[in-house]
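Heads up: the sequence lines are chains V and G, in that order.
All residue numbers for the first sequence refer to my numbering, where the first residue is 1 and numbers rise by one.
All residue numbers for the second sequence refer to my numbering, where the first residue is 1 and numbers rise by one.
Bear in mind the hints are in silico, worked out from the structure with no lab data behind them.
Some hints here could point you the wrong way.
[Stated by the list, open to error] Think about it this way: if two alpha-carbon atoms lie no more than 25 Å apart in a straight line, the pair counts; the simulated PhoX-like pairs of lysine-lysine are:
# : chain 1 : residue 1 : chain 2 : residue 2
1 : V       : Lys61     : G       : Lys53
2 : V       : Lys85     : G       : Lys69
3 : V       : Lys75     : G       : Lys94
4 : G       : Lys71     : G       : Lys47
5 : G       : Lys53     : G       : Lys20
[What the hints assert, rightly or not] Okay, the calculated bits of chain G under chain V, using three or more residues with CB under 8 Å as the criterion:
#  : segment
6  : 50-60
7  : 70-76
8  : 135-142
9  : 148-156
10 : 167-181
Quick caveat, the model's predicted, so the values are computed rather than measured.
We put the beta carbon where it would ideally sit given N, CA and C, even for glycine.
For reference, the chains in residue letters:
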Amino acid sequence: MSDELKDILSNSNKDIDNQQLMDYLSRQLSGQDIHDLEKMMADDEFVNDAVEGLQQFDNKKDLTAYVQQLNDDLKKQLEKKKARKDKRKLENFPWIHFAVVLLLLLCIIAYVVIKYNYGAKKPQSKPPVTAYVTAQFKTR
Amino acid sequence: MKPDRFNHISDQVLLENYYKDHNNEWLGILLQRYTMLLLGVCMKYLKNEEEAKDGVQQVFLKVIGEVGKYKIEYFKSWVYMVAKNHCLMKLRDKGKITTEINDRIIATPDETDETSTHVEKEMLLTQMASALQQLNSEQQLCVTLFYLEKKSYQEVAEQTGYSLLQVKSHIQNGKRNLKIMLERIKQNER
Chain V
1 MSDELKDILS
11 NSNKDIDNQQ
21 LMDYLSRQLS
31 GQDIHDLEKM
41 MADDEFVNDA
51 VEGLQQFDNK
61 KDLTAYVQQL
71 NDDLKKQLEK
81 KKARKDKRKL
91 ENFPWIHFAV
101 VLLLLLCIIA
111 YVVIKYNYGA
121 KKPQSKPPVT
131 AYVTAQFKTR
Chain G
1 MKPDRFNHIS
11 DQVLLENYYK
21 DHNNEWLGIL
31 LQRYTMLLLG
41 VCMKYLKNEE
51 EAKDGVQQVF
61 LKVIGEVGKY
71 KIEYFKSWVY
81 MVAKNHCLMK
91 LRDKGKITTE
101 INDRIIATPD
111 ETDETSTHVE
121 KEMLLTQMAS
131 ALQQLNSEQQ
141 LCVTLFYLEK
151 KSYQEVAEQT
161 GYSLLQVKSH
171 IQNGKRNLKI
181 MLERIKQNER
């Protein structure tokens, strides 16, 4: 008895699946399963509203097709959004490449210019001291 | 990505994945879990099959556009509020309802007694039987048949002679009244 009493207060955290819903709507669920689903309805306003709404469809068999159609449209919508995002990324991409190449080129040019300038101003090496001393002796 | 492959992943994990990499495919999997329920909700309020389908698409668009703006923890409650508000706004635009719509989007679950500890629940259960006796006769009968004898709505309706709608209403109101009574007992004990 206490277990059943506990059931009144506890909110079921079970997730409902589409097949279960369809079976309930087409009265193909067994006694215990019907009670479980109706308990979910009593606990969860979302499930309750959904079941009440789904019961209003003229042809319950169309429901699966409607859901499939909506899911396909959703996928298309998300793919479109992703494609737009990717396109934006691609549009920005060549500029990044160009900037990197330009920067590298500038670095190479700077290196070459500095190296050649530095090389031209470098003082020539002095003659050895012994050669200078010998030359002094010869003049005397 | 096939949604079935992700059945073992909870809504919260899917949302976290979306917030991490902003990959819309996570959102797609999440939304597809609720397509049928959303279709039902839209149909309940709009009472037209085409408008209901259109409503679900609008809800999808709204969710895609707004999910990034909030830190949503309970997706199911949030998406339900988005759908319900969308339908109520449509009805208001048509002049079918005049009640004020709560535009605030709730990102938290319905208030439940989930926060109460197991021990507290056990204590409350001892008072449940007497609280049940205090319900009016209709609610008491429907709650007892539904929760304690595990009968379906249809069986309760047949046994009591009430309509299905009345049975649902008695069960929901009875449950709410029981909660209120138990809360009152809890407060008196403090």
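These are the hints, each one checked on the structure:
Using a Cα cut-off of 25 Å, the hinted pair Lys61/V and Lys53/G holds, with the two alpha carbons roughly 15 Å apart. As the CA atoms of Lys85/V and Lys69/G are separated by approximately 18 Å, the hinted pair is consistent with the 25 Å bound. With a CA separation close to 30 Å, the supplied pair Lys75/V and Lys94/G exceeds the 25 Å bound. At most 25 Å may separate the alpha-carbon atoms for a hinted pair to count; Lys71/G and Lys47/G exceed this at roughly 32 Å.
With a C-alpha separation of about 31 Å, the suggested pairing of Lys53/G with Lys20/G is violated against the 25 Å cut-off. Proximity of the segment 50-60 of chain G to chain V, defined as three or more residues with a beta carbon under 8 Å from a beta carbon of that chain, is established by the 5 residues found. Given a C-beta distance limit of less than 8 Å, the hint that chain V covers the segment 70-76 of chain G is violated, as 1 residues qualify and 3 are needed. As drawn, the segment 135-142 of chain G meets chain V at 0 residues by the rule of a beta-carbon pair under 8 Å; below three, the given contact is violated.
Check result for the segment 148-156 of chain G against chain V: holds, 6 residues qualifying (beta carbon to beta carbon below 8 Å, three or more required). For the segment 167-181 of chain G, the stated coverage by chain V is satisfied: 6 residues place a CB nearer than 8 Å to a CB of that chain, which reaches the threshold of 3.
Of the numbered hints listed earlier, those contradicted by the structure are 3, 4, 5, 7, 8.
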